Amino acid sequence: MWYDSYSDRLMLYARNWLGEDGARDAVQGAFVRLMGLSLAPRDAQAWLFRTVRNEAITRLRRQERHRRHGRKIATRQICWFESHPEDLIDARTAHEVLMTLPENQREVVLLRIWGQLSLKQIARIVGRPLTTVHSRYKAALAAIKERMQQSCRTTTD
Amino acid sequence: MQNDNGLNPLERELEAALGTLAPTQAGLSRDQVMFAAGQASIRRRNRIWQGVSSGLVILLLVSIISRPEPVTIEFHPEVAAIGVPGVSPATKTVIDGDSGQAFRQYVRTRRAVLERGLDVLPASTPARMPMGEPPLTREDLNDLLSST
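Chains as they are written, first to last, in our numbering: chain A, 1 to 157; chain B, 1 to 148.
Just chain B, with the same shape it has in the complex:
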């Protein structure tokens, strides 16, 4: 007759007899195991931080090494000639054309205002008022301000 493990009764008997023998006590202290587990968990946490900080250091080094060359802006006299001091050639190409004309006009006006004051400004045309009312002039505004 054989059991599940394919053993005959004699082998089964021997197995049972051997099973009565108790293994010698491990001699391990539960506290020791808990302490070692705690230490291991701290080590694991430290390893995570070490990994993160080494990654950041590597990133920093790579960014320092692969930093693009600094761009030097040179002074171009031809730009200065049109009254736009300190403007790079790249800007010069942008200010060509109609918008360039307006920009140059603005710069000239600005310089004139700085040198001679607000009086050099051209007389402004008053804004058109709705519903056919006469437009407000500077004098009207002064009157309004003095009356209050």
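Looking at chain A on its own, in the form it has when it is part of the complex:
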């Protein structure tokens, strides 16, 4: 049940830090850990996002260490969203715009819009005060709006 409901959203969240394969491993790891728990977490949705975050950050650090040692890491990136003609926003443009945001703002947007978490839950996951999360979210939306308008202007010109 949780797998069907959250796997795609968790993958999108993990892609914030990792390439496709790393994100898949991180999400799989989170589900494996969830199945290993003797008691289901009180807020399974938030627990899954937090676990994916921890797993992704651990993997990212490991990759950084490997990079410092001169090893090459393949990070395959695909478009984050399915493209449908009826969408109000173009999937690729949305991905590109999101990538221009600072990482901490992008994270809040991913958790709020696609993770469907409340700002309070997000504050607990990212370990920041609610006011900080709120201001990051507002700033991110403003930036997205501005860049979308910019992108529209360049395509019409």
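Rather than coming from a laboratory, the hints here were simulated on the basis of the structure. Among the clues, some could well be false.
To be verified - From the structure, some residues in chain A lie toward chain B, with a derived Cβ separation under 7 Å:
1. Asp-8
2. Met-11
3. Arg-24
4. Phe-31
5. Met-35
6. Trp-47
7. Asp-87
8. Ile-89
9. Ala-94
10. Lys-145
This one's a predicted model, so the numbers in the text were calculated from it and none came from an experiment. Built from N, CA and C at the ideal position, the CB exists for glycine as well.
With chain A held as given, fit chain B onto it using these hints.
Just chain B, lined up with the frame of chain A:
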């Protein structure tokens, strides 16, 4: 006008428009996840057994290392002189006094019985019978046995 998250209608609209975008399929197979979960559970169980057996090995090593020195029992001729062969000095202190006398007597008697047979035993005084009846003697017992 602002909503619960403190967003104005334009931001709310943008949020809704972004929300219509569906994340790309995870590409994760449910079977793969189940298999990995099974593997993880086996690993956890193995870890428990490994922990238990390493604990036992450590316990065994500690008990071997901290084993007390073996006690050597020496033969003391002075104990042998009183007719108690093979008794350690510790036992000698125990058999001092009245109980010591009785013990020595017992040992002497035992040795005599072993050497010369039951005849060396002192004649036993018959047990007192209740209600003034004459005590049973050895002869009475023999008579009783032969009559049956």
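Hints, verified against the model:
1. Asp-8: 4 Å, holds
2. Met-11: 4 Å, holds
3. Arg-24: 6 Å, holds
4. Phe-31: Result: holds, 5 Å to nearest chain B Cβ.
5. Met-35: 4 Å, holds
6. Trp-47: Violated - the Cβ of A/Trp-47 stays beyond 7 Å from chain B, reaching only about 16 Å at its closest.
7. Asp-87: At about 6 Å, which falls below the 7 Å cut-off, the nearest Cβ of chain B leaves the hint on A/Asp-87 intact, so it holds.
8. Ile-89: Since chain B brings a Cβ to about 5 Å from A/Ile-89, closer than 7 Å, the hint holds.
9. Ala-94: 6 Å, holds
10. Lys-145: At about 6 Å, which falls below the 7 Å cut-off, the nearest Cβ of chain B leaves the hint on A/Lys-145 intact, so it holds.
Violated hint for the displayed structure: number 6, the only one.
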